[in-house]
Amino acid sequence: MTETFERPPFLLAKADAFITWAQKNSLWPFGSGLACCAIEMIATAAARYDIARFGMELFRASPRQADLFIVAGTVTNKMAPVLRRLWDQMPDPKWCLAMGNCAVCGGPFPSYSVLQGVDKIIPVDVYVAGCPPTPQGLIHGLMVLQEKIARSHPTKEILDPDARDRR
Amino acid sequence: MAFNEIELNMGPQHPSTHGVLRLKLAVDNEVVVRVEPVLGYLHRGMEKLWESLTYVQVVPLTDRLDYLASLSNNLAYVLTVEKLAGIEVPRRARYIRIVLAELQRLASHLAWAGFMANDIGAMSVLLYGFEAREEILDLFEAYCGARLTVHGIRIGGVVQDLDAALVSRIRTVLSRIPKRLADIRALLDENRIWKERTVGIGPITAADAIDLGLTGPALRASGVAWDMRKDVPYSSYDEIDFEVPLGRNGDCYDRYLVRLEEICQSIRIVGQALDGLPEGEHMAKVPRALRIPPAEAYHAIEAPKGVLGFTIRSNGTDKPERVKMRSPSFVNLQSLEHMCVGCLFPDVVGILGSLDIVLGEIDK
Amino acid sequence: MPETGAERPELLQALAALSGRVPAGLLEGAVEDGELRVRLGNEALIPALRLLKDEHGFSFFEDMAVFDNLGQAGEGGRRFTVVYRLYMFPGARRARLAVDVGEEESLPSAVPVYRAADWAEREAFDMFGVRFDGHPGLRRIYMPDDFEGHPLRKDFPLAGRTGGV
Chain S
1 MTETFERPPF LLAKADAFIT WAQKNSLWPF GSGLACCAIE MIATAAARYD
51 IARFGMELFR ASPRQADLFI VAGTVTNKMA PVLRRLWDQM PDPKWCLAMG
101 NCAVCGGPFP SYSVLQGVDK IIPVDVYVAG CPPTPQGLIH GLMVLQEKIA
151 RSHPTKEILD PDARDRR
Chain X
1 MAFNEIELNM GPQHPSTHGV LRLKLAVDNE VVVRVEPVLG YLHRGMEKLW
51 ESLTYVQVVP LTDRLDYLAS LSNNLAYVLT VEKLAGIEVP RRARYIRIVL
101 AELQRLASHL AWAGFMANDI GAMSVLLYGF EAREEILDLF EAYCGARLTV
151 HGIRIGGVVQ DLDAALVSRI RTVLSRIPKR LADIRALLDE NRIWKERTVG
201 IGPITAADAI DLGLTGPALR ASGVAWDMRK DVPYSSYDEI DFEVPLGRNG
251 DCYDRYLVRL EEICQSIRIV GQALDGLPEG EHMAKVPRAL RIPPAEAYHA
301 IEAPKGVLGF TIRSNGTDKP ERVKMRSPSF VNLQSLEHMC VGCLFPDVVG
351 ILGSLDIVLG EIDK
Chain C
1 MPETGAERPE LLQALAALSG RVPAGLLEGA VEDGELRVRL GNEALIPALR
51 LLKDEHGFSF FEDMAVFDNL GQAGEGGRRF TVVYRLYMFP GARRARLAVD
101 VGEEESLPSA VPVYRAADWA EREAFDMFGV RFDGHPGLRR IYMPDDFEGH
151 PLRKDFPLAG RTGGV
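Line by line, the protein sequences give chains S, X and C.
Okay, so the first sequence: first residue is 1 according to the working numbering, each after it adds one.
Okay, so the second sequence: first residue is 1 according to the working numbering, each after it adds one.
Okay, so the third sequence: first residue is 1 according to the working numbering, each after it adds one.
Honestly, the hints are just simulated from the structure, not real lab data.
Treat the hints loosely; a few may be bogus.
[What the hints assert, rightly or not] Pulled from the structure, derived: some chain X residues nowhere near chain C, Cβ distances all over 12 Å:
#  : residue
1  : Glu135
2  : Ala182
3  : Arg185
4  : Ile193
5  : Asp231
6  : Arg248
7  : Leu260
8  : Leu274
9  : Leu277
10 : Val286
11 : Ala289
[To be verified] Below are the SDA-like pairs computed for lysine to any residue, each with C-alpha atoms no more than 20 Å apart in a straight line:
#  : chain 1 : residue 1 : chain 2 : residue 2
12 : X       : Lys24     : S       : Arg85
13 : X       : Lys24     : X       : Glu5
14 : X       : Lys230    : C       : Ala92
15 : X       : Lys319    : C       : Gly25
16 : C       : Lys53     : X       : Ala225
17 : S       : Lys94     : S       : Lys156
18 : X       : Lys230    : C       : Asp33
Where a beta carbon is used, it is the ideal one built from N, C-alpha and C, also for glycine.
Assemble the whole structure, with the sequences as input and the hints as a guide.
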């Protein structure tokens with residue numbers, strides 16, 4: 001069943017708008033703080049840059065309670081299966097933000113033990129470059145993610161479960 | 001494993017392990033019997049990578065070791081290269097290095113205070129500590145453009161001179177830190193819950209600490225007065241007057257007090273360095289392509305986490321033959337088992353917090 | 001600035017004691033740049049460490065570094081040179097002990113003398129493949145247990161080998 005409509009019917013569009021508004025304003029990050037970027041992620045959550053104004057102050061320790069996987073730091077080959085398992089444990093809908101050059105593409109470490117980018121194991125929605133990205137950069141990335149969420153059609157995924165994989 | 005022991009796995013993804021550290025714990029009811037740290041989840045192959053880069057290119061990568069105190073890593077590395085190559089650093093540059101290194105120590109200890117308090121449950125202190133740290137990071141950003149991975153200390157000197165505007169800005173920030181420190185101390189020092197969670201927890205005697213290789217504030221909390229800035233002074237620290245705070249019992253509470261007192265001493269050091277800032281160059285004349293004839297050198301500094309040393313062997317080219325880093329957190333973590341055995345399971349988090357480790361430095 | 005032995009009499013005493021305790025194993029010895037530098041044979045390592053720790057105040061095991069001499073002449077012709085750095089506290093003196101070990105050989109473990117050597121020896125084993133007899137549990141520390149190869153050896157490529165973990 002591959003019925004794709006250019007513009008969804010009015011009621012579904014309204015439902016979409018409401019659902020995406022709720023989702024993007026209450027993202028609960030699962031802060032996978034691996035290395036230096038984790039410190040800037042924490043600084044973004046601290047008092048000055050205050051990620052709480054976006055609704056994201058609730059950093060969950062358990063992936064089962066989170067919906068935004070922020071990969072902050074270098075992903076090593078030893079850590080990769082752990083991250084994949086954590087991603088699988090997150091319930092839908094979920095998004096992934098690769099923070100920092102190491103998560104984006106391996107960063108300054110082209111060595112035998114570093115995975116050259118977390119998108120090799122996890123589908124990434126937003127890439128935030130920087131080494132480390134400043135808190136302003138991370139917030140910009142989060143806002144871009146919010147815009148991406150606003151453009152999505154969750155009702156289509158409810159009606160057509162296969163659409164989720166084609167997102 | 002005995003009949004009533006349970007094996008617990010803490011990490012590598014855990015909010016309180018200060019990074020990707022995995023601890024395999026064996027507990028008997030709530031009492032810890034064995035702690036085995038499993039490392040390598042952040043092993044990035046730095047030492048191998050450095051062998052393929054020039055001496056100058058290595059400096060930014062050293063930032064990523066102890067990422068809470070990147071200037072200290074820079075300082076240790078460039079001092080070793082300068083010793084190896086025989087480069088004489090101008091006096092003004094040495095004083096600026098003192099200012100930068102001590103500001104970095106302030107930032108590192110403020111972040112540590114926030115993390116340790118957050119782990120034990122006092123979440124407000126995390127916000128207080130980070131807000132105080134933000135002001136120092138603003139100074140670094142004004143100095144050379146980077147907040148966290150600064151590499152402002154380069155081979156031969158420092159990247160930029162300190163002008164009068166920046167000096168007065170540093171003094172303003174320094175004048176505000178004692179108030180923030182007083183806020184943190186008012187919340188924690190005589191707090192009954194804090195004292196129950198830290199006094200008498202994770203003690204280590206001076207003899208055990210020395211034998212296990214413990215360095216830094218954790219060692220000084222056991223009463224051992226070893227501070228590299230006093231013992232083997234580098235970068236003109238012998239011209240500065242400061243004290244080295246010592247503890248008595250070597251428990252978590254003493255480690256906490258020692259670091260807070262070090263914050264006060266760092267403020268004192270920066271003030272003196274700014275007052276006595278000599279005229280001169282901020283960078284020595286270093287050849288663009290630095291080739292060092294075959295030799296070997298070792299130099300160690302007092303980083304916020306402990307004794308940080310680099311062994312560098314050169315081979316006549318512009319790339320080092322071998323760079324070995326003596327990581328304070330790597331060696332300090334060895335004492336974790338000694339401190340944890342016999343304590344309650346929740347105290348492991350407090351002890352780990354009081355040790356102040358950074359995984360970037362442990363795993364290299 | 002280089003400091004001669006004349007300014008470090010306690011280091012000269014330590015050197016003299018070493019040559020008395022392990023005459024055959026002390027291959028080279030001098031006091032240079034303010035530190036005691038010796039090259040030892042394999043069997044002289046532990047007696048030398050014990051002597052320096054118990055009788056000459058080198059209470060601190062500061063660092064251990066391994067060098068891969070592949071492709072270079074000298075250093076006794078063996079593949080690896082292991083350098084131990086000791087620190088005298090209080091007193092602020094350093095000692096550098098170098099021991100050569102081949103690929104198929106092993107060194108005695110320094111853990112019975114200095115507990116701080118534990119993880120340093122595991123790291124040397126993991127990164128270079130140097131074995132230490134008597135270590136309480138010699139196994140890899142950074143790489144996964146089933147990893148093949150020793151990354152810091154000169155013949156191991158930076159980007160690793162495919163098929164590795």
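What are the numbers of the hints that this structure violates, sorted from low to high? 5 and 15
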